[in-house]
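Engineer: Could you put the whole structure together from the sequences, leaning on the hints where they help?
One line per chain: the protein sequences are A and B, in this order. The letter at position 113 of the first sequence is residue 113 when you use our numbering, and the numbering goes up by one with no holes. To convert, count from 1 in the second sequence and add 1000; that's our numbering.
In case anyone wonders, no lab produced these hints; they're calculated from the structure. Keep in mind that the hints are not guaranteed to be accurate.
To be verified - Derived, one-sided and incomplete: chain B residues facing chain A with beta-carbon distance under 7 Å:
1) V1102
2) M1301
3) Q1303
Nothing here was measured: the structure is a model prediction, and the numbers come from that model. Backbone N, C-alpha and C define an ideal beta-carbon position, used for all residues, glycine too.
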Amino acid sequence: MTPAIEVESRESTPRWLDYGAPVLTILAALFVAAIPLLWIGANPILVYEQIFLDSLLDLGGIADILTTATPLFLAGLAVYIPLKAGLWNIGAEGQLYVGAIVGTYIGLNYGVPSYVLLVLMMLASGLAAALYGAIPGYLRAEHDVNEIISSLMLTFAATTFTGYLLRGPLQGRGGQTATDRLPDAAELPTVLHPRLHVGVGILAIAAVLGTLLLTRTRLGYEITFIGSNPAAAKQAGISSYKIYILVFLIGGFLAGLAGIIEIAGVHGRLFESFSPGYGFTAVAVALLGRNGVFRVLLAALFFGVLTAGGTTVAITMDVPNALVDVIVALTILFLLTAEFITDYRLAVTFGSKPDSGSEPSVEGSA
Amino acid sequence: MSIIAGTLESTVRLATPLLLAAMGEVIAERSGVLNLGVEGMMLAGALAGFAGAISTGSLWLGFAIGMVAGAALALLHAVLCISLKADQVISGIMLTLLGTGVTTYFGRAWVGRNVDGFDQIPLPLLSDIPVVGQAFFSVTALDYLSLSLVPVIWYLLFRTNVGSEITAVGEDPETADTAGVPVFRIQYACVLLGGALAGGAGAQLSLAFTNFWGVEMTAGRGWIAVALVIFAQWHIWRLLVGAYLFAAIDALSFRSGAVRDAVLSGIDIAAVESAVDFLLNPQVMNTYPYIMTVVVLWYVMRQGNLNELGGPSALVDAYSREQD
Chain A
1 MTPAIEVESR ESTPRWLDYG APVLTILAAL FVAAIPLLWI GANPILVYEQ IFLDSLLDLG
61 GIADILTTAT PLFLAGLAVY IPLKAGLWNI GAEGQLYVGA IVGTYIGLNY GVPSYVLLVL
121 MMLASGLAAA LYGAIPGYLR AEHDVNEIIS SLMLTFAATT FTGYLLRGPL QGRGGQTATD
181 RLPDAAELPT VLHPRLHVGV GILAIAAVLG TLLLTRTRLG YEITFIGSNP AAAKQAGISS
241 YKIYILVFLI GGFLAGLAGI IEIAGVHGRL FESFSPGYGF TAVAVALLGR NGVFRVLLAA
301 LFFGVLTAGG TTVAITMDVP NALVDVIVAL TILFLLTAEF ITDYRLAVTF GSKPDSGSEP
361 SVEGSA
Chain B
1001 MSIIAGTLES TVRLATPLLL AAMGEVIAER SGVLNLGVEG MMLAGALAGF AGAISTGSLW
1061 LGFAIGMVAG AALALLHAVL CISLKADQVI SGIMLTLLGT GVTTYFGRAW VGRNVDGFDQ
1121 IPLPLLSDIP VVGQAFFSVT ALDYLSLSLV PVIWYLLFRT NVGSEITAVG EDPETADTAG
1181 VPVFRIQYAC VLLGGALAGG AGAQLSLAFT NFWGVEMTAG RGWIAVALVI FAQWHIWRLL
1241 VGAYLFAAID ALSFRSGAVR DAVLSGIDIA AVESAVDFLL NPQVMNTYPY IMTVVVLWYV
1301 MRQGNLNELG GPSALVDAYS REQD
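Structural biologist: Printed below as a string of structure tokens:
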């Protein structure tokens, strides 16, 4: 009597799994992340309580969550929109840096009234990052160059080049590897709380515009069509060439905006590794929220809570900040597992089944 | 002469981790499984190897523990991608995030400690050859090991039955399966071997190159290894050339000042001088491998598709067996 596991493809995903899977995913990740916490002698319940509850009961905590969720959401959309067209933009991090460089440069060098300067910074950052982001899109559209590798390589080129700029042309007077502080006119004003900048308003704007783009416009329809069925889309006369470049332009623009908002709203100057990997966490954000712009927003808020809370816990409870990376990775891990469960059904049977194989392979259908 | 000799010497030491990790990635990719988690597996290998060497008092045991750590992460990738048919891109990124996070988290206790790393072993006679001798024939055991693995892995992949089976699985798993090739077993073995080599590459960094452990000490070398595979178009000898080329750029960037003076001796034009200063800036030089990879990809893809490039046809597609 050997137990055999049959894997069958589900004909339809049960409704509770569609909504329950993301929640279960997060719970499973938190459960496993308790192991490294126990290892260093920290109480997981207290740590999670501080991350998820304490931060929500305090205006400063909410401000931190919103300001962290802003770049995560924009960068998440920068991954999500190309993903809708079937492409992987793994280079949001690099586009974020390009936007931050260009925006900081303008903020430091143009003495125009504040609101003009801020708009100028946002537009220039977005456009520069859009052009940088469009390189992988163009290479994919024109020569079928794998966009994963090219967008990733361009990310490392951008972050390394930032290191050069901060030791050379853009280095500030203090002698550190950072620019000078932005003038007051180039910093985003704050509302309600000294750490809450007006840039968080873009969470709502981007959510609405993103939803409209993907569900109400012809472009959004073409993006979704190409992503779900490239062959049929081609039959229908939709140019993947145009779409591939456009989704990367849009993605780059959003990521560049994320970069300059983070500089002008939070740090006030550009320095190396100002982004704690927002562009990479964005992949998890896009994935967790893959069923719609609103879900991407929820995912960004979740990772915002995690990142902001993780920083607090690192200081108050001496838990390494890297815990956040571990939880993000575990979330992706369980997301992949959950995806398998929503797509396939496991049927465990006990009985004689000839040669079920010694490897943990999946026998059966797809 | 001393610039050249010194650069060559560090080139060899810097090429070893790239070569080990990239050879592992070639094996995995030739079986059809893309693993973007090389950076994470290298970090795991670097920390586990370092901690293992200090705890056991044996460098070789530490190196082996580093390989096991890399393979352990790779096993996760294999289960997700081969058995659960998860997206290889996402799983690989997860692996890198996990490796970075876990090693940063648990590595705190090992920061600031040192190990007496692998010694240089000068080969008699050969190491006396001027310039080249010191660079190639007086290196650590791990450098010799990585160099001697090149022909071994080339032979394995291109001259043996197992190698043909790996290629068959990467090219057309369905046909391979029909022909009786154990598709899943081969993919598991290739991904695990790739992980072990990446772990070994990381352990080389902490046990033979820096002799200490530092957070994110791989500094993007895992990604360069992934890029190298495409750069080399999935061939082992081109990989050797690529690893040394990329390592030479790295080695030169340590000596950019001396190189600058050598290049500019006799030239006295301000524009040339500032251009050379820019191009030879260490930080600017560090972007070259990434830009080179994109340019090479673009150049090669202009004339054909990925298959003509040498890439396995079934790369990134999870294979699932049809119902009988």
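Engineer: Provide an ascending list of the numbers of those earlier hints which the structure does not satisfy.
Structural biologist: 3
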